[in-house]
Amino acid sequence: MLLHLKRNEWGGLFIQYLIAFLVGGIICAGSQIVLEYTKLTSAHVLVGLVVLGAVLSGLGLYEPFLNFAGAGALIPVSGFGSSITSGMISEVRRLGWEGLFTGAFEITGLGTAAAVIFGSVIALLCKPKK
Amino acid sequence: MKPQEYQNLVKKNLPKTPIWKNVLLAFLIGGVICLIGQGVLNFAITIEETKEEAAAVTLAIMILIGSILTGIGIYDEIAEIGGAGAAIPITGFSNTVTAAAMEFRREGFLLGMGAKMFIIAGPVLVYGILSGFIVALIKSVILGLF
Chain A
1 MLLHLKRNEW GGLFIQYLIA FLVGGIICAG SQIVLEYTKL TSAHVLVGLV
51 VLGAVLSGLG LYEPFLNFAG AGALIPVSGF GSSITSGMIS EVRRLGWEGL
101 FTGAFEITGL GTAAAVIFGS VIALLCKPKK
Chain H
1001 MKPQEYQNLV KKNLPKTPIW KNVLLAFLIG GVICLIGQGV LNFAITIEET
1051 KEEAAAVTLA IMILIGSILT GIGIYDEIAE IGGAGAAIPI TGFSNTVTAA
1101 AMEFRREGFL LGMGAKMFII AGPVLVYGIL SGFIVALIKS VILGLF
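Chains as they are written, first to last, in this note's numbering: chain A, 1 to 130; chain H, 1001 to 1146.
You may find that some hints are simply not true.
Unchecked claim - Straight-line C-alpha distance at most 25 Å; calculated DSS-like pairs for lysine-lysine: (1) Lys1002/H <-> Lys39/A; (2) Lys1011/H <-> Lys1021/H; (3) Lys1021/H <-> Lys39/A; (4) Lys1051/H <-> Lys1139/H; (5) Lys129/A <-> Lys1116/H; (6) Lys1012/H <-> Lys39/A; (7) Lys1011/H <-> Lys39/A; (8) Lys127/A <-> Lys1116/H; (9) Lys1002/H <-> Lys1012/H.
What the hints assert, rightly or not - Stretch by stretch, here's where chain A covers chain H in the computed footprint (C-beta under 8 Å, at least three residues): (10) 1048 to 1060; (11) 1120 to 1133.
Hints were generated in silico from the structure; no laboratory data involved.
By construction, the Cβ of each residue, glycine as well, lies at the ideal position given by its N, Cα and C atoms.
With the rest of the complex left out, here is chain A (with noise of 0.2 Å):
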């Protein structure tokens, strides 16, 4: 799933960065262009990325491009989505048809739950400026 484990060089380690540079900013900047051109507002966007992380994950797509561009693949919203649909394939194969249910939380309910923590933590801790 993730990139070139074993590249230990400092060439190898360079690519690997500037990959997931250009990678993650094209996604980024194609975002940009669709709400630039469109009525279409940051939370359309979100919701379309996830949905195609999701499904070309499905398809089998989304793997291969992880292994590609390693974070700017995995960070991209479109990530959290490929997450969801790896992860209940991969507990389908374990446990049955539960894996369904359970699987949309196996690699995402870490972030999730974090972000729920996180976020109350935060809004204890710091009032917003205006």
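With chain A held as given, fit chain H onto it using these hints.
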């Protein structure tokens, strides 16, 4: 003047935001966030056994970073410059949760913060899970995994 004509007139006279500049900034900000994510991912790979766990830990660390930057008010400034470049990465997802929690806290902890924390992130979860469920179901049937 018909409403449509008026709309066109307003559109014509609006100050033109340079689209190429917004797109370039989205590219740079989004790229830098993914670059940082790659560093976190490379670290997570060294401490976790499986790739899935490394991915989960990376997402959680980026969510923590996004949450803290939102709390101290920096992420809003990044979002103002970066547009989609700040909104599309998982840190933007975390930003919407934390910002909503901060914003709606004044409406009470139960029906304010508790209910409205996922006001923007909620649709992402709902449609992510629905679409994931459908494709995972089809794939499981086709591959005969049940």
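Status of each hint after checking the structure:
no. : hint                    : result
1   : Lys1002/H <-> Lys39/A   : 21 Å, holds
2   : Lys1011/H <-> Lys1021/H : 19 Å, holds
3   : Lys1021/H <-> Lys39/A   : 19 Å, holds
4   : Lys1051/H <-> Lys1139/H : 22 Å, holds
5   : Lys129/A <-> Lys1116/H  : 19 Å, holds
6   : Lys1012/H <-> Lys39/A   : 16 Å, holds
7   : Lys1011/H <-> Lys39/A   : 13 Å, holds
8   : Lys127/A <-> Lys1116/H  : 16 Å, holds
9   : Lys1002/H <-> Lys1012/H : 15 Å, holds
10  : 1048 to 1060            : holds (count 9)
11  : 1120 to 1133            : holds (count 11)
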